[in-house]
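Protein sequence lines correspond, in order, to chains A and B. Each residue of the first sequence is one higher than the last, beginning at 32 in the working numbering. Each residue of the second sequence is one higher than the last, beginning at 2 in the working numbering.
Check each hint, because a few of them may be wrong.
[Unchecked claim] Sample of chain B residues with no beta-carbon within 12 angstroms of chain A, all distances over it, derived:
id	residue
1	Ala7
2	Ala14
3	Val19
4	Pro28
5	Ala33
6	Arg37
7	Ala41
8	Val43
9	Gly44
10	Ala45
11	Trp51
12	Leu52
13	Leu53
14	Phe58
[Said to hold, decoys possible] Residues from chain B shown here face chain A by an in silico Cβ test under 8 angstroms; the list is partial:
id	residue
15	Phe6
16	Leu8
17	Leu11
18	Phe12
19	Ala13
20	Val16
21	Ile18
22	Leu23
Don't read these hints as lab results, they were simulated from the structure. Quick reminder that beta carbons are idealized off the backbone N, C-alpha and C, glycines included.
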Amino acid sequence: MRATAADRAQTTTNPYVISAVAWLVPGAGHLWLGRTQKGLIFLVTLPLMFATGLWLEGRLFPFQASEPLVALAAFADIGIGIPYVLAKALRLGNGNVVAATYEYANAFIIVAGLLNMLVALDAFDIAQGRK
Amino acid sequence: MTSHFALMLLFAAFVSIVFAALMRDDPREQLALGGRMFGAFVGAGVVLGWLLFPLPF
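The shape of chain A in the complex, shown without the other chains:
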């Protein structure tokens, strides 16, 4: 039986490298492993969710050791990978506390990051041959 692109990737690539790439670029790990349909879904959906959060005037939280919940939100924000770095570079995500959409926007940004972490873990499992 011929090996699929996914099988070949599983035998030749370090799962840690794949999950790091999957974290940096949403969906890239699945695309690398030959799971094109899933990879494209993540590549479109997760950055779009993150961008929607920024558009709705959400905030990219800073790391503050004195505020554990803010630090946790910052950790979740960073889960989206390169889009987070781009948003920071473009000075987006300052947040508008008085906007009606502020809390929703934060939910979009935080959940996009957390979902991308799940996607990166899924890519790790696939690379290890567990799925």
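Got chain A sorted already, so can you dock chain B onto it with the hints?
This is chain B only, laid out in the frame that chain A set:
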């Protein structure tokens, strides 16, 4: 776009799409699971909204 309901629909759609793609491999199964999950999110949101409606705070 400031409608709470529209934002809830959008949020439910994003989360359902990602979870369905993560949990199922076949596109038809993904569609079925995503649809069920979306319905459950929206239904739970509406039910919880009405349950909280009488509370004074």
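Evaluated hints:
1. Ala7: violated (10 angstroms)
2. Ala14: violated (9 angstroms)
3. Val19: violated (5 angstroms)
4. Pro28: violated (7 angstroms)
5. Ala33: The claim holds: Ala33(B) sits with its nearest Cβ about 15 angstroms from chain A, beyond 12 angstroms.
6. Arg37: Arg37(B) clear of chain A: closest Cβ-Cβ about 17 angstroms, beyond 12 angstroms.
7. Ala41: holds (16 angstroms)
8. Val43: holds (15 angstroms)
9. Gly44: Non-interface label on Gly44(B) holds, nearest chain A Cβ at 19 angstroms vs cutoff 12 angstroms.
10. Ala45: holds (15 angstroms)
11. Trp51: holds (19 angstroms)
12. Leu52: holds (20 angstroms)
13. Leu53: Check passes; 15 angstroms lies beyond 12 angstroms.
14. Phe58: holds (17 angstroms)
15. Phe6: violated (11 angstroms)
16. Leu8: holds (5 angstroms)
17. Leu11: holds (7 angstroms)
18. Phe12: Because about 6 angstroms separates Phe12(B) from the closest Cβ in chain A, which is inside the 8 angstroms limit, the hint holds.
19. Ala13: violated (11 angstroms)
20. Val16: Since the shortest Cβ distance to chain A is 7 angstroms, the answer is holds.
21. Ile18: Ile18(B) check passes; min Cβ-Cβ to chain A is 5 angstroms, inside 8 angstroms.
22. Leu23: Leu23(B) check passes; min Cβ-Cβ to chain A is 6 angstroms, inside 8 angstroms.
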